[in-house]
Amino acid sequence: MGTDPLDHLWKNKEFLTVRKPGQYLGREWNITVKTGQNDAPALVLAFPDIYEIGMSYVGLHILYQIFNSFTGFRAERTFLPWPDMAEVLKRKGIPLFSWETKTPVREFDVLGITLQHELSYTNVLYILELAGIPFRSQERGEGFPLVLGGGPCMANPEPVADFFDCFFIGEVEEAAAELVHIWKEMRGSNKESLLKEMSRVKGVYVPSLYPLPCSTSRIGSTSSANQSLPPVVEKRWVKDLDRTPYPEKMIVPFVSIVHDRASVEIARGCPRGCRFCQAGIIYRPHRERSSQTVVNIAEKLIQNTGYNEVSLLSLSSTDHSQIQALVQDLTAKMRPYRVNVSLPSLRMDTFSLNVARSLQTVRKSGLTFAPEAGTERMRRIINKGLTDADIFQTLETAFSLGWREVKLYFMIGLPQEREEDIRGIARLVLEGIKVGRKVGKAFGSLHVSASAFVPKPQTPFQWVAQEKPEVLKDKVGLLRSLLKRDRGVRFHWSDFETNLVEAALARGDRKLSKVIERVYQGGGFMQSWREFFSFARWEEAFTEEGLSLGSYAQQPLSISQVLPWGHISFGVSSDFLWEEYQKATREELTLPCRPETNCKKCGVCF
Amino acid sequence: MEENYRYWLIHQKLFPFHFLSQLDLNRFWERAARRGGLPLAFSQGFNPRPLFSFGPATPVGVESRVEVFELTLTQNWLEEEIKEKLNREGPAELAIQRISRAPSNRKLSRAIRGLRYSFWFSSSLADSSLEEGLSLPAGIEWEKKEFLASSGFVLSFWFKGEKVFSSPIKFVEYLSSILNGLLPEKIIKEEVFLETEGSKS
Numbered sequence: 001m002g003t004d005p006l007d008h009l010w011k012n013k014e015f016l017t018v019r020k021p022g023q024y025l026g027r028e029w030n031i032t033v034k035t036g037q038n039d040a041p042a043l044v045l046a047f048p049d050i051y052e053i054g055m056s057y058v059g060l061h062i063l064y065q066i067f068n069s070f071t072g073f074r075a076e077r078t079f080l081p082w083p084d085m086a087e088v089l090k091r092k093g094i095p096l097f098s099w100e101t102k103t104p105v106r107e108f109d110v111l112g113i114t115l116q117h118e119l120s121y122t123n124v125l126y127i128l129e130l131a132g133i134p135f136r137s138q139e140r141g142e143g144f145p146l147v148l149g150g151g152p153c154m155a156n157p158e159p160v161a162d163f164f165d166c167f168f169i170g171e172v173e174e175a176a177a178e179l180v181h182i183w184k185e186m187r188g189s190n191k192e193s194l195l196k197e198m199s200r201v202k203g204v205y206v207p208s209l210y211p212l213p214c215s216t217s218r219i220g221s222t223s224s225a226n227q228s229l230p231p232v233v234e235k236r237w238v239k240d241l242d243r244t245p246y247p248e249k250m251i252v253p254f255v256s257i258v259h260d261r262a263s264v265e266i267a268r269g270c271p272r273g274c275r276f277c278q279a280g281i282i283y284r285p286h287r288e289r290s291s292q293t294v295v296n297i298a299e300k301l302i303q304n305t306g307y308n309e310v311s312l313l314s315l316s317s318t319d320h321s322q323i324q325a326l327v328q329d330l331t332a333k334m335r336p337y338r339v340n341v342s343l344p345s346l347r348m349d350t351f352s353l354n355v356a357r358s359l360q361t362v363r364k365s366g367l368t369f370a371p372e373a374g375t376e377r378m379r380r381i382i383n384k385g386l387t388d389a390d391i392f393q394t395l396e397t398a399f400s401l402g403w404r405e406v407k408l409y410f411m412i413g414l415p416q417e418r419e420e421d422i423r424g425i426a427r428l429v430l431e432g433i434k435v436g437r438k439v440g441k442a443f444g445s446l447h448v449s450a451s452a453f454v455p456k457p458q459t460p461f462q463w464v465a466q467e468k469p470e471v472l473k474d475k476v477g478l479l480r481s482l483l484k485r486d487r488g489v490r491f492h493w494s495d496f497e498t499n500l501v502e503a504a505l506a507r508g509d510r511k512l513s514k515v516i517e518r519v520y521q522g523g524g525f526m527q528s529w530r531e532f533f534s535f536a537r538w539e540e541a542f543t544e545e546g547l548s549l550g551s552y553a554q555q556p557l558s559i560s561q562v563l564p565w566g567h568i569s570f571g572v573s574s575d576f577l578w579e580e581y582q583k584a585t586r587e588e589l590t591l592p593c594r595p596e597t598n599c600k601k602c603g604v605c606f
Numbered sequence: 001m002e003e004n005y006r007y008w009l010i011h012q013k014l015f016p017f018h019f020l021s022q023l024d025l026n027r028f029w030e031r032a033a034r035r036g037g038l039p040l041a042f043s044q045g046f047n048p049r050p051l052f053s054f055g056p057a058t059p060v061g062v063e064s065r066v067e068v069f070e071l072t073l074t075q076n077w078l079e080e081e082i083k084e085k086l087n088r089e090g091p092a093e094l095a096i097q098r099i100s101r102a103p104s105n106r107k108l109s110r111a112i113r114g115l116r117y118s119f120w121f122s123s124s125l126a127d128s129s130l131e132e133g134l135s136l137p138a139g140i141e142w143e144k145k146e147f148l149a150s151s152g153f154v155l156s157f158w159f160k161g162e163k164v165f166s167s168p169i170k171f172v173e174y175l176s177s178i179l180n181g182l183l184p185e186k187i188i189k190e191e192v193f194l195e196t197e198g199s200k201s
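First to last, the sequence lines map onto chains A and B.
In terms of our numbering, the first sequence opens at residue 1 and continues consecutively.
In terms of our numbering, the second sequence opens at residue 1 and continues consecutively.
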């Protein structure tokens with residue numbers, strides 16, 4: 001290991017005063033440092049939140065591995081420093097650097113930022129500022145990194161379109177070679193020709209080539225100015241997940257992180273089709289890794305990382321067609337290593353609970369389920385489909401097997417919601433407690449957590465208005481008063497002001513970049529952290545730009561309107577989404593997607 | 001119950017890894033041991049943990065040449081083999097320096113009788129007979145004073161008995177008060193006195 005270019009920073013007394021200084025050192029186990037290749041074209045993968053969040057996100061490990069698999073190309077990481085460290089960097093005039101070689105972010109060829117949720121948008125500007133890079137694509141001449149965005153927020157990248165030079169829509173595994181080829185071949189070319197070349201890669205969206213047309217409508221639409229470009233940018237996705245490489249040498253942090261364990265992605269996509277769920281649409285179709293592949297990956301991961309736990313990742317674990325065999329084989333394989341297997345994302349039915357039980361290492365302390373809504377009618381509207389009997393049966397089984405606490409997640413403000421649906425939540429919970437007291441030897445409590453429904457682009461509910469704050473307030477008040485009657489309930493209501501901002505940004509258009517910049521300039525970074533979030537700051541910023549947060553979030557959109565994200569497609573047709581919305585209004589269920597026997601013709605596979 | 005084999009290991013914790021906390025190190029050694037394929041022994045009970053036991057925590061920011069921990073294996077491995085396997089799974093700055101079999105009748109926490117810390121100052125020492133006027137707290141003993149070529153000096157002290165659990169950072173306040181507010185540039189844990197070894201290590 002050569003000398004660290006930031007030795008002077010680590011030796012500075014101020015550095016010792018920052019929270020968890022160890023997070024900034026890099027040098028974790030399994031990092032890739034391509035020695036002697038400091039001049040090779042390079043990508044820095046930036047996560048717009050702090051290290052312990054970013055390192056917990058498996059997508060980052062996947063991207064890191066893919067982009068480092070090419071010779072003559074390197075990929076490094078960077079994260080947002082916690083504000084105390086950001087202050088130290090600013091005071092010392094040290095620009096944001098990569099964790100691997102401490103190279104300033106500004107010196108990379110490409111800066112890739114993943115956008116996981118809307119509240120991270122102002123952190124894009126935080127990264128750019130700390131890196132010494134101008135905010136807007138237009139303000140960046142030659143000599144700056146190409147700023148590339150990706151992640152689930154590509155469902156509607158318009159609110160941040162002006163900050164990025166280009167976006168990648170969908171899964172990058174197969175497109176990575178094409179991108180790296182361009183970055184290597186066209187190194188030194190001007191930005192315009194580079195972007196033009198990139199726009200020919202399927203999945204790449206260059207917003208400057210799709211300028212905003214003059215529009216008087218509140219939500220503007222975009223259209224391609226360039227005849228040679230497709231009017232709609234289609235997402236990329238990998239057909240065969242089983243043969244898609246997976247990082248078997250995951251980086252092992254020294255400091256503790258949120259998800260401090262090895263993870264194997266067992267499936268991508270979800271066959272269920274809950275109508276509020278964006279992940280359920282944008283990661284279509286449902287694809288699986290075979291049990292054999294998962295077990296092999298898990299064993300290599302444990303040997304390479306030394307973790308004591310392996311977690312099986314997917315949107316809905318028990319929808320994996322081989323889940324029972326998989327769990328059985330994996331626990332057998334992991335036993336000699338004394339490694340625990342954990343299975344998050346459990347559906348609330350007895351089958352799922354039985355699969356979880358077969359993990360002998362599952363602790364009996366807590367179990368989490370998401371019934372989402374309080375009545376069968378409401379669960380049909382959102383296409384969750386769970387019956388009350390499913391729910392009570394699962395609770396009875398869980399409590400009688402000795403689980404002490406169960407956590408239940410609900411949403412408030414769902415489309416067509418009535419008072420009876422709110423009362424339904426309380427009824428489920430109070431009945432659930434009775435079940436617990438009757439059969440549970442060690443029954444402790446039911447934790448109930450609720451948040452406000454956020455209409456998300458690319459879902460059947462993308463046209464739906466978010467519930468008005470006054471109504472949400474009343475509904476929460478009602479639920480709270482109904483749940484107060486029992487001491488076995490712990491009710492947690494996540495502050496819905498963040499949900500209002502999420503809705504406005506999720507369905508926003510390109511005009512919102514000014515709002516985002518204003519909020520950032522007013523001190524609004526780290527907005528997913530309670531201590532930094534200020535609703536008033538967002539409201540003011542909208543107003544000062546002559547816009548209304550409320551109307552972005554709370555106005556219904558019509559089928560005849562061109563949506564701000566109308567030129568971005570995740571393969572699922574607009575007709576399918578509209579039909580699903582109509583079925584919701586009729587309280588009709590759509591069965592899970594099974595390509596061979598029960599294709600829903602959503603369009604993604606064709 | 002199967003027979004277990006206990007070892008005492010001494011590793012260093014040098015810049016910049018002195019920014020890691022004791023919990024970070026605990027996790028690091030458990031993972032390094034699993035990566036190295038060591039036959040770890042586990043605790044009994046519902047949530048078995050590998051049997052590691054660590055000496056008194058060195059505060060974040062303090063370097064060390066003598067971090068001590070106990071490792072328990074289910075197989076009788078040669079000391080050198082364990083050392084080699086572990087050192088392949090971590091950075092040189094955290095390398096194992098020495099390893100020995102643990103005495104059967106002694107707990108690690110009871111065996112650590114003394115720790116020597118050095119405090120590194122970058123300015124020159126005005127009072128050259130500093131040690132004569134010192135009134136040290138009970139359990140802390142003067143060891144030596146060295147002058148550095150670069151006009152700085154190093155003071156070192158033994159922390160003995162109960163004081164092995166005392167933070168050298170607290171002691172800096174006392175040092176600073178007798179040195180007209182001077183603060184050390186760095187602190188290093190230099191030596192450990194493990195009773196079973198019979199002599200200072």
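Because the hints were derived from the structure by calculation, they are not lab data.
Treat the hints with care, as some may be off.
[As the list claims (entries may be wrong)] The calculated PhoX-like cross-link candidates involving lysine-lysine, where the alpha carbons are at most 20 Å apart (straight line), are:
{"hint": "1", "chain 1": "A", "residue 1": "Lys11", "chain 2": "A", "residue 2": "Lys90"}
{"hint": "2", "chain 1": "A", "residue 1": "Lys11", "chain 2": "B", "residue 2": "Lys160"}
{"hint": "3", "chain 1": "A", "residue 1": "Lys92", "chain 2": "A", "residue 2": "Lys102"}
{"hint": "4", "chain 1": "B", "residue 1": "Lys160", "chain 2": "B", "residue 2": "Lys144"}
{"hint": "5", "chain 1": "A", "residue 1": "Lys239", "chain 2": "A", "residue 2": "Lys34"}
{"hint": "6", "chain 1": "A", "residue 1": "Lys300", "chain 2": "B", "residue 2": "Lys85"}
{"hint": "7", "chain 1": "A", "residue 1": "Lys333", "chain 2": "A", "residue 2": "Lys249"}
{"hint": "8", "chain 1": "A", "residue 1": "Lys249", "chain 2": "B", "residue 2": "Lys186"}
{"hint": "9", "chain 1": "A", "residue 1": "Lys34", "chain 2": "A", "residue 2": "Lys249"}
{"hint": "10", "chain 1": "A", "residue 1": "Lys473", "chain 2": "A", "residue 2": "Lys333"}
{"hint": "11", "chain 1": "A", "residue 1": "Lys202", "chain 2": "A", "residue 2": "Lys239"}
{"hint": "12", "chain 1": "B", "residue 1": "Lys144", "chain 2": "A", "residue 2": "Lys13"}
{"hint": "13", "chain 1": "A", "residue 1": "Lys333", "chain 2": "A", "residue 2": "Lys300"}
{"hint": "14", "chain 1": "A", "residue 1": "Lys434", "chain 2": "A", "residue 2": "Lys407"}
{"hint": "15", "chain 1": "B", "residue 1": "Lys170", "chain 2": "A", "residue 2": "Lys13"}
{"hint": "16", "chain 1": "B", "residue 1": "Lys144", "chain 2": "A", "residue 2": "Lys20"}
{"hint": "17", "chain 1": "A", "residue 1": "Lys484", "chain 2": "A", "residue 2": "Lys407"}
{"hint": "18", "chain 1": "B", "residue 1": "Lys160", "chain 2": "B", "residue 2": "Lys170"}
Against the structure, the hints:
About 17 Å separates the Cα atoms of A/Lys11 and A/Lys90, which keeps this hinted pair within 20 Å; it holds. Distance hint between A/Lys11 and B/Lys160 is unfulfilled; the C-alpha atoms sit about 29 Å from each other, more than 20 Å. Only pairs whose Cα atoms come within 20 Å are accepted, and A/Lys92 paired with A/Lys102 is accepted, the gap being roughly 15 Å. This hinted pair checks out: B/Lys160 and B/Lys144 have alpha carbons roughly 16 Å apart, not beyond 20 Å.
Simply put, A/Lys239 and A/Lys34 have alpha-carbon atoms about 31 Å apart, too far for the 20 Å limit, and the pair is violated. With a C-alpha separation of about 18 Å, the suggested pair A/Lys300 and B/Lys85 falls inside the 20 Å cut-off, and the hint holds. Of the pairs offered as hints, the one joining A/Lys333 and A/Lys249 holds, with about 18 Å between alpha carbons and a cut-off of 20 Å not exceeded. A threshold of 20 Å between alpha carbons decides the hint, and for A/Lys249 with B/Lys186 the separation of about 35 Å lies outside it, so the pair is violated.
Under the criterion of a C-alpha separation no larger than 20 Å, the hint pairing A/Lys34 with A/Lys249 is consistent with the structure, at around 16 Å. A threshold of 20 Å between alpha carbons decides the hint, and for A/Lys473 with A/Lys333 the separation of about 50 Å lies outside it, so the pair is violated. Taking the CA atoms of A/Lys202 and A/Lys239, the gap is near 15 Å; set against the 20 Å cutoff, the hint holds. Distance hint between B/Lys144 and A/Lys13 is unfulfilled; the C-alpha atoms sit about 26 Å from each other, more than 20 Å.
For the hint pairing A/Lys333 with A/Lys300, the CA-to-CA distance comes to about 11 Å; that is within 20 Å, so the pair holds. Between the alpha carbons of A/Lys434 and A/Lys407 the distance comes to roughly 15 Å, so the proposed pair stays at or under 20 Å and holds. Restraint check: the Cα-Cα separation between B/Lys170 and A/Lys13 comes to about 17 Å, which is no more than 20 Å; the hinted pair holds. The suggested pairing of B/Lys144 with A/Lys20 is violated, with an alpha-carbon distance near 33 Å, which exceeds 20 Å.
Restraint check for A/Lys484 and A/Lys407: the C-alpha separation of about 17 Å stays at or below 20 Å, so the hint holds. The straight-line distance between the Cα atoms of B/Lys160 and B/Lys170 is roughly 15 Å, inside the 20 Å bound, and the hint therefore holds.
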